[in-house]
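A.B. asks: For the record, the sequence lines run as chains A and B. Going by the working numbering, the first sequence opens with residue 1, and the numbers climb by one from there. Going by the working numbering, the second sequence opens with residue 1, and the numbers climb by one from there.
Just so you know, these hints were derived from the structure itself, not from any lab. Bear in mind that the values here come from a model prediction, so they are computed numbers and not experimental data. No residue lacks a Cβ here, since even glycine has one placed at the ideal position from N, Cα and C. Hints should not be assumed to be uniformly reliable.
As a list, the in silico EDC-like pairs of lysine to aspartate or glutamate whose alpha-carbon atoms are at most 20 Å apart [what the hints assert, rightly or not]:
(1) LYS55(B) - GLU219(A)
(2) LYS195(A) - ASP180(B)
(3) LYS195(A) - ASP134(B)
(4) LYS16(A) - ASP293(A)
(5) LYS198(A) - ASP14(B)
(6) LYS50(B) - GLU219(A)
(7) LYS198(A) - GLU183(B)
(8) LYS16(A) - ASP14(B)
(9) LYS16(A) - ASP294(B)
(10) LYS139(B) - ASP293(A)
(11) LYS124(B) - ASP293(A)
Derived contacts from chain A toward chain B, CB cut-off under 7 Å, selection only [what the hints assert, rightly or not]:
(12) LEU19
(13) PHE60
(14) TRP152
(15) ALA165
(16) VAL175
(17) GLY207
(18) ARG209
(19) GLU219
(20) TYR222
(21) SER247
(22) ASP293
(23) SER439
Simulated restraints on C-beta separations [as the list claims (entries may be wrong)]:
(24) ALA403(A) - GLN314(B): 52 to 58 Å
(25) PRO126(B) - PHE102(A): 54 to 60 Å
(26) GLY198(B) - SER43(A): 31 to 37 Å
(27) SER207(B) - SER47(A): 47 to 53 Å
(28) ARG257(B) - TRP342(A): 48 to 54 Å
(29) ARG257(B) - PRO399(A): 32 to 38 Å
(30) LEU101(A) - SER207(B): 26 to 32 Å
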Amino acid sequence: MSAIDYTQELSVVEGKPPLREIDELIIQPLDTKPDKNFFIALSITGSMLLLGALMLAWSFYKGTGVWGNNNPVAWGFPIVNFVFWVGIGHAGTLISAILFLFRQKWRTGIARFAEGMTIFAVMTAGVFPIIHTGRPWLAGYLLPYPNQHDLWVNFHSPLVWDVFAVSTYFTVSFVFWYVGLIPDFGTLRDRTASKIKKVIYSVFSLGWRHSNRHWQHYEMVYLVLAGFATPLVLSVHTIVSFDFAVSILPGWHTTIFPPYFVAGAVFSGFAMVQNVLIIIRKIFHFEHIITLDTLERMNKIILLTGMMVGYAYAMEFFIAWYSGVQPEQFAFLNRAFGPYMWAYWIMVSCNVIFPQFFWIKKIRRKISVMFIIAVLVNVGMWFERFVITVTSLSRDYLPSSWAYYKPTLVDGGILIGSFGLFFTLLILFTKSLPVISISEVKAVVDGAQPSHGEH
Amino acid sequence: MSDKTIFAYSALFDSPDDIIHAAEEVKKQGFEKYDVNTPYPVHGMDDAMKLSPSKLGYVALFFGLSGMLAAIILTYFTSVVDYPQVIGGKPFYAFPGYVPVMFELTVLSAAVLTVATMLLIFFKLPNNRHPLHDTNYMKAVSSDKYGLYIEIEDEKYDEAVIKSLFERFNAKVIEPIYYDDTEVEHKNRIFEPKFIIGLVLIAVITSGTTYFTLNKLMFMIPFSWMMDQDKIVPQESYELFADGFGMRNPVEGTIARGQLPYEYYQKPEEAAVALINPLFPTAENFALGKKKYDIYCSPCHGYHGEGDSRMRGQFPNPPSLHSEKVRDWTDGRIYHVITEGQNVMPSYSTQLSREEKWATVLYIRALQRSLNAKESDLE
């Protein structure tokens with residue numbers, strides 16, 4: 001390949017497509033009838049979702065005793081899955097907010113999609129703490145509201161912080177996403193020939209007119225939202241990690257948890273986004289907008305965060321040894337060589353070893369290999385949450401109460417159902433909304449901005 | 001065409017450079033009521049139109065601080081004023097624990113309310129009635145053209161001047177935009193049948209679902225407050241035990257604490273002779289007796305045993321406990337009534353322990369003496 005001229009910013013959209021072609025390309029999935037593959041995919045994810053729903057119905061009819069949770073591991077699959085899915089969501093906000101603040105233009109092609117994944121992942125995650133309460137229809141009790149019992153939630157509890165963090169995260173992500181969609185709804189409204197679609201798009205576009213007097217405030221609000229979403233996304237996984245770190249259980253009670261969880265969340269989230277984007281760009285022919293360069297950049301972030309996670313694993317061991325606290329030392333030895341050793345080593349190999357292949361440029365740019373590595377990363381990250389949650393609980397201070405946690409089939413069904421929910425929403429999203437921000441992509445096409453430079 | 005009212009004069013341009021120069025010129029000429037429409041924000045346009053910087057940053061600051069204040073008030077009110085509780089030995093107002101909630105509410109209110117302010121107040125959206133909608137102009141600018149229009153309301157509006165100005169900057173299409181007459185004349189009426197039907201539907205659906213939830217759903221499994229549980233309740237069969245009963249009898253020949261069997265069922269006269277009050281008439285025993293009497297007996301017998309029931313006829317009034325008959329009864333005979341009940345009066349064995357029953361008897365004795373004192377009491 002020829003030498004790269006580093007003084008010139010590379011274009012993030014390949015070729016120089018006319019603006020109208022961008023419209024057509026991005027909107028095409030919405031205008032065409034879904035093909036057979038779409039229905040095959042939807043029926044697979046739909047059945048997974050149905051399986052999860054049935055398992056949940058069974059759980060509530062019989063009681064949560066049908067899960068593996070029991071003393072002393074009261075936080076089995078539901079919490080593992082919760083942390084996993086919240087983590088997946090983090091990549092979306094990172095891409096849409098943090099990369100926006102860093103003026104990373106390559107984010108434009110993938111931001112909308114990643115934000116959508118954030119929303120769906122947080123929705124999926126939200127299911128778990130609520131079902132874990134046992135009677136999810138009473139979840140309203142989690143919020144502080146004036147009631148005739150004159151009771152309030154305990155604001156010192158990390159679980160209450162979680163309620164605030166996750167619901168804020170969902171709301172703000174959703175608002176962020178919707179604000180980004182408004183101009184696109186305007187474009188859709190003006191393009192569509194169908195009457196019903198026109199009504200729907202008009203309603204959601206709120207009558208957007210692409211007016212520059214609006215764009216001016218709009219860009220400001222986008223900046224403000226990005227500014228708020230950035231600390232928010234860091235806070236969410238921090239608070240999720242507080243669920244563990246604020247307790248006194250060996251293996252949980254560590255100050256490294258917040259940054260370690262955030263890095264892990266970004267790590268798994270990017271892996272998931274990368275996986276899904278590879279499929280999307282193939283199916284919808286978005287190769288020129290979601291370019292190989294973009295994917296390569298994502299792989300670099302996976303490599304970086306993977307090493308941060310690896311560092312955290314090592315540091316946990318070091319601190320356990322250095323602190324001289326016996327239960328702490330035991331907790332970590334037990335993780336690596338105890339009854340859950342298999343889970344621990346799956347986690348280490350998937351999270352620390354495999355991403356190292358991304359040092360090699362060829363692998364970073366080879367679609368099939370990077371896809372597999374990212375899948376492994378997500379397997380590893382799921383096991384990370386499993387290892388953290390289960391090993392510490394199953395063997396705490398009191399050996400007489402030790403037990404080996406085994407999930408039941410119902411637990412497994414619910415986990416499958418959560419993937420079903422996530423991917424069903426995602427598949428429906430690809431056919432109902434523009435998965436790439438039309439107005440943002442237009443703005444970064446070569447020649448879209450005036451040539452006379454900044455004023 | 002001619003009877004339509006003009007809203008503005010518009011021009012479409014092909015390149016971002018053209019539109020910027022055109023906008024600059026329009027501003028320079030002193031037009032006020034004009035706007036530029038572009039498919040995406042064009043850099044430098046704000047300067048060209050000389051727009052003052054957006055004030056939404058301050059709006060966000062304001063709402064953020066209000067959210068934080070709300071969180072402080074909420075945590076303070078709940079944990080210091082309304083429901084103070086010592087948790088983990090910390091002071092009532094333990095600030096560090098409230099930081100996460102404060103932070104989240106700050107972000108929540110700043111993000112949501114700033115966006116709402118922008119859409120509703122700054123943009124006056126939703127507005128699908130703007131004359132620009134459904135014009136070719138709008139369709140072009142939402143895809144790949146750059147548009148500029150000057151409203152007829154502008155003081156300097158002059159068709160010829162505007163036209164030549166547009167032409168100077170390579171405008172590709174120059175055309176007037178009209179108000180849509182049907183939209184201008186359309187008025188919303190409250191008594192439109194559609195609207196009324198909508199309201200009725202909403203009313204039926206909400207009241208129906210509310211009725212269903214409160215009166216039906218709450219009695220179904222699993223919503224029925226754990227009424228139905230997988231545990232053995234009395235009288236149920238249970239295959240684990242050889243006799244198939246879920247209930248277990250005490251081991252033969254043993255008596256649980258406080259569960260002395262009563263030997264005088266259906267034998268009031270024998271009880272009257274055999275049972276003797278084991279309690280001494282001490283102040284404590286009287287106090288206990290009064291307490292139990294006031295709780296369990298007074299609703300029917302009245303606070304002073306005169307049969308002045310508070311049941312308002314929902315239960316037959318009992319006779320006075322001051323009757324000669326009851327006064328002449330032995331303590332054991334009254335004890336028997338409490339234990340076994342009498343005719344419509346139910347047994348109080350499950351509510352009162354042995355000792356409490358005897359204390360109640362003591363108290364009834366005191367009540368009787370208060371109306372029919374003995375001569376010796378005067379001494």
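A.B. asks: For each hint, tell me whether it holds in the structure or not.
C.D. replies: Results of checking the hints against the structure:
With a CA separation close to 12 Å, the supplied pair LYS55(B) and GLU219(A) stays within the 20 Å bound. Proposed proximity of LYS195(A) and ASP180(B) is supported: the alpha carbons are some 18 Å apart, at most 20 Å. Proposed proximity of LYS195(A) and ASP134(B) is supported: the alpha carbons are some 13 Å apart, at most 20 Å. Between LYS16(A) and ASP293(A), the direct Cα distance comes to roughly 16 Å. Compliance with the 20 Å bound is thereby established for this hinted pair.
Annotation: proposed proximity of LYS198(A) to ASP14(B) is violated, straight-line Cα distance about 26 Å (limit 20 Å). Note on LYS50(B) and GLU219(A): the hinted pairing holds, with a Cα-Cα distance of about 16 Å set against a maximum of 20 Å. Note on LYS198(A) and GLU183(B): the hinted pairing holds, with a Cα-Cα distance of about 17 Å set against a maximum of 20 Å. Among the hinted pairs, LYS16(A) with ASP14(B) is consistent with the structure: their alpha-carbon atoms are about 16 Å apart, no more than 20 Å.
Of the supplied pair hints, the one linking LYS16(A) and ASP294(B) is violated, its CA atoms being roughly 92 Å apart against a limit of 20 Å. For the hint pairing LYS139(B) with ASP293(A), the CA-to-CA distance comes to about 33 Å; that exceeds 20 Å, so the pair is violated. The suggested pairing of LYS124(B) with ASP293(A) is violated, with an alpha-carbon distance near 41 Å, which exceeds 20 Å. Hint status for LEU19(A) relative to chain B: holds, with the closest Cβ pair at about 4 Å, below 7 Å.
Evaluation of the PHE60(A) hint against chain B yields a held restraint, the C-beta minimum of about 5 Å falling below 7 Å. The beta carbon of TRP152(A) comes within 4 Å of a beta carbon in chain B, closer than 7 Å, and the hint placing it at the interface holds. At about 6 Å, the closest approach between the beta carbon of ALA165(A) and any beta carbon in chain B falls short of 7 Å, and the interface hint on this residue holds. Residue-level restraint check for VAL175(A) holds (minimum Cβ-Cβ distance to chain B is 5 Å; threshold 7 Å).
Below 7 Å, beta-carbon pairs count as interface contacts, and GLY207(A) has one with chain B at about 4 Å; its hint therefore holds. Against a cut-off of 7 Å between C-beta atoms, the interface hint on ARG209(A) holds, since the closest Cβ of chain B lies about 6 Å away. Because the beta carbon of GLU219(A) sits about 5 Å from the nearest beta carbon in chain B, less than 7 Å, this interface hint is met. Checking TYR222(A) against chain B by beta carbon gives a least distance of about 9 Å; that is not within 7 Å, so the hint is violated.
Nearest Cβ of chain B to the Cβ of SER247(A): about 12 Å, over the 7 Å cut. The hint is violated. Annotation: ASP293(A) was flagged as interfacial toward chain B, and the flag is violated, the nearest CB pair being 21 Å apart, outside 7 Å. A hinted interface residue such as SER439(A) counts as satisfied when its beta carbon comes closer than 7 Å to some beta carbon of chain B; here the least separation is about 4 Å, so the hint holds. One distance hint, 52 to 58 Å for the beta-carbon pair ALA403(A) and GLN314(B), holds here, with the actual separation near 55 Å.
The hinted range of 54 to 60 Å is not satisfied by PRO126(B) and PHE102(A), whose Cβ atoms lie roughly 33 Å apart. For GLY198(B) paired with SER43(A), a C-beta distance near 36 Å keeps the hint of 31 to 37 Å intact. Hint check: SER207(B) to SER47(A), Cβ distance near 37 Å, so the stated range 47 to 53 Å is violated. Under the hint 48 to 54 Å, the C-beta atoms of ARG257(B) and TRP342(A), about 52 Å apart, fit the expected range.
Distance hint check: the CB atoms of ARG257(B) and PRO399(A) are about 35 Å apart, consistent with the given range 32 to 38 Å. Taking 26 to 32 Å as the suggested C-beta distance range, the pair LEU101(A) and SER207(B) does not conform, at roughly 49 Å.
Hints 5, 9, 10, 11, 20, 21, 22, 25, 27 and 30 from the earlier list are contradicted by this structure; the remaining hints agree with it.
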